[in-house]
Amino acid sequence: MPTESLFTPLAKAQSWVTIDYEGHQLKVPQGVSIAAALLASGVRHSRTTPVQGANRAPFCMMGVCFECLVEVDGVPNRQGCMTLVSDGLRVRRQLGARKLAPLCAEGDCDEN
Amino acid sequence: MKTKAVDLLIIGAGPAGMSAAVEARNNGLSVLVLDEQPGPGGQIYRNISNTDAQRSQILGADYSHGRHLAQAFLASDIEYVAQASAWQVTDQKQVHYLHQGQSRVAQGQRLLIATGAYERPMPIPGWTLPGVMTAGAGQILLKSAAVVPAGPVVLAGCGPLLYLLAVQYLQAGISLAALVDTSRHSDVLSGLRHIPKALKGWPDLQKGLSLLATLRKAKVKHYRGATALRIEGSAHAEALSFSSRGDEYRIACNLVMLHQGVVPNTQISWSLRLQHHWQNDQLCWQAERNAWGETSTSGIFIAGDGGSIGGAMAAQAQGRIAALAIACQLGRLDSSSRDKLVKPYRKALHRCMAARPLIDSLYRPRNENRIPEDNVIVCRCEEVTAGTVRSHVRLGCLGPNQIKAFSRCGMGPCQGRQCGLTVTEIIAASGNVSASEVGYYRIRAPLKPITLKQLAQQPNKNLNQELS
Numbered sequence: 001m002p003t004e005s006l007f008t009p010l011a012k013a014q015s016w017v018t019i020d021y022e023g024h025q026l027k028v029p030q031g032v033s034i035a036a037a038l039l040a041s042g043v044r045h046s047r048t049t050p051v052q053g054a055n056r057a058p059f060c061m062m063g064v065c066f067e068c069l070v071e072v073d074g075v076p077n078r079q080g081c082m083t084l085v086s087d088g089l090r091v092r093r094q095l096g097a098r099k100l101a102p103l104c105a106e107g108d109c110d111e112n
Numbered sequence: 113m114k115t116k117a118v119d120l121l122i123i124g125a126g127p128a129g130m131s132a133a134v135e136a137r138n139n140g141l142s143v144l145v146l147d148e149q150p151g152p153g154g155q156i157y158r159n160i161s162n163t164d165a166q167r168s169q170i171l172g173a174d175y176s177h178g179r180h181l182a183q184a185f186l187a188s189d190i191e192y193v194a195q196a197s198a199w200q201v202t203d204q205k206q207v208h209y210l211h212q213g214q215s216r217v218a219q220g221q222r223l224l225i226a227t228g229a230y231e232r233p234m235p236i237p238g239w240t241l242p243g244v245m246t247a248g249a250g251q252i253l254l255k256s257a258a259v260v261p262a263g264p265v266v267l268a269g270c271g272p273l274l275y276l277l278a279v280q281y282l283q284a285g286i287s288l289a290a291l292v293d294t295s296r297h298s299d300v301l302s303g304l305r306h307i308p309k310a311l312k313g314w315p316d317l318q319k320g321l322s323l324l325a326t327l328r329k330a331k332v333k334h335y336r337g338a339t340a341l342r343i344e345g346s347a348h349a350e351a352l353s354f355s356s357r358g359d360e361y362r363i364a365c366n367l368v369m370l371h372q373g374v375v376p377n378t379q380i381s382w383s384l385r386l387q388h389h390w391q392n393d394q395l396c397w398q399a400e401r402n403a404w405g406e407t408s409t410s411g412i413f414i415a416g417d418g419g420s421i422g423g424a425m426a427a428q429a430q431g432r433i434a435a436l437a438i439a440c441q442l443g444r445l446d447s448s449s450r451d452k453l454v455k456p457y458r459k460a461l462h463r464c465m466a467a468r469p470l471i472d473s474l475y476r477p478r479n480e481n482r483i484p485e486d487n488v489i490v491c492r493c494e495e496v497t498a499g500t501v502r503s504h505v506r507l508g509c510l511g512p513n514q515i516k517a518f519s520r521c522g523m524g525p526c527q528g529r530q531c532g533l534t535v536t537e538i539i540a541a542s543g544n545v546s547a548s549e550v551g552y553y554r555i556r557a558p559l560k561p562i563t564l565k566q567l568a569q570q571p572n573k574n575l576n577q578e579l580s
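Chains as they are written, first to last, in the numbering used here: chain A, 1 to 112; chain B, 113 to 580.
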């Protein structure tokens, strides 16, 4: 969960949105990626690996390394660095092997 | 829904893609640009349209330079789709891309791949730990989200970007615990033979020297010739250990940023089975291109760092050059006008590339940071070590694809982007053969994650390429 953050904002953001991360409400600047928002909120790791269950965190921030994969609104395997935050977005850690995406439209899943 | 058909379809809105689009539009071509980011600029000019005065000041003049290009790009009537991820590109110049959760298809008479570069992987012990990221990632956080390290940060590796980020962090008031520099004195000496040619591109050298002077003045702890880098920690990064000039160091830190240069993003060019060659000065693959940027498949062009590393200004020149060639091929320019118009861009390109051999030589990443010891993870996705790769070479695997089949190395979601070069070089070194002989992974669509539903709902019914 959010702990002492490795990152800090350079200046106070102009506008904010609230996202749900693992049941915690995080107030984050508008217009940033999920990965940036999580790092700035003190999230130290956002997934565990399928083989060894090791902790991983966003690594390249440009869509190349796939270390920032998270579950977004019930859809797994979303690249956190390529997806922008929006109000009410539900983000969960991706633990171990990715699951199949649910067979309902994105955003209107009755997941969990 | 119809497939869009345009004269020129461009993937990537960085310096190469934007320049090509503007030039092509000026010559009367219809242009569609697909780009994965929310705004134009690529990584070098990331978020250039929305940045503020504070960040512009921190990031410096080379960054702000991109604003004019982005403004010209956005002001023209070029069709531009942001947040579009190309997941399949065909030799028929069709691009299948995801946008707002849906898969769409675009069709061009000509295709320009301007997908730029990414950072060369730096597989050292502990590089997968949380708290370790690339220097480029640190810079992207600054550019795109105005987020900076909260405490002292360690920068480790080599290359201009590492020094640039160090200076930008100093400007932002961030404290640097250390700059652990893996380039060595002998590199400086071997770089000297390139000086006369490099002097033509002296502004680049001047910039490099001024970055180093700033770091010296700020009394940043700069360890040179560092070897045996190792990030310690169990669940998170706790320290960076290394040797420098005969002494052993251990610097406690929770945040380490690694960098050892950038390499062309060849994911799309490999998936198209274009001809590539191993470039030994830049230690990476490059797609074959003629002087106009046209690849081994006619009508498909590459401009910018996605072809070979030259930086933003070279990318802009290459974008213009490719656009002029395409305008000529499509009958909008006769060849004599093309040849006249291209002159200033050829000159600019020549000038930009002058310092490159020196930079490549000075910051050639060390063997030990590219071809690691057995216990180091090379495939971050499937957690395959260098030792496992070598054991499969001993069993008789000849190339990366066999290694992949036996070990899952390169089979994870990043599709080899983080391990491909390392695996090629490990196999080459183990068998004492050249990287060219070893080859690369066979890259296939989908290049980006796509759900079965998105695939099934794609409007185009004439998918002529098999998914595998």
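Keep in mind the hints are simulated off the structure, nothing from the lab.
Please note: incorrect hints may appear among the correct ones.
Here are the computed lysine-lysine pairs in the PhoX-like style, where the Cα-Cα straight-line distance is at most 20 Å [stated by the list, open to error]: (1) K99/A x K565/B; (2) K329/B x K319/B; (3) K99/A x K560/B; (4) K12/A x K27/A; (5) K331/B x K319/B.
A short list of chain A residues far from chain B (calculated; beta carbon distances all over 12 Å) [what the hints assert, rightly or not]: (6) G23; (7) Q25; (8) K27; (9) R90; (10) L95.
Here a beta-carbon is modelled for each residue, glycine too, at the ideal position from N, C-alpha and C.
The hints, checked one at a time:
| no. | hint | verdict |
| --- | --- | --- |
| 1 | K99/A x K565/B | holds (15 Å) |
| 2 | K329/B x K319/B | holds (15 Å) |
| 3 | K99/A x K560/B | holds (16 Å) |
| 4 | K12/A x K27/A | holds (12 Å) |
| 5 | K331/B x K319/B | holds (19 Å) |
| 6 | G23 | holds (21 Å) |
| 7 | Q25 | holds (19 Å) |
| 8 | K27 | holds (14 Å) |
| 9 | R90 | holds (15 Å) |
| 10 | L95 | holds (14 Å) |
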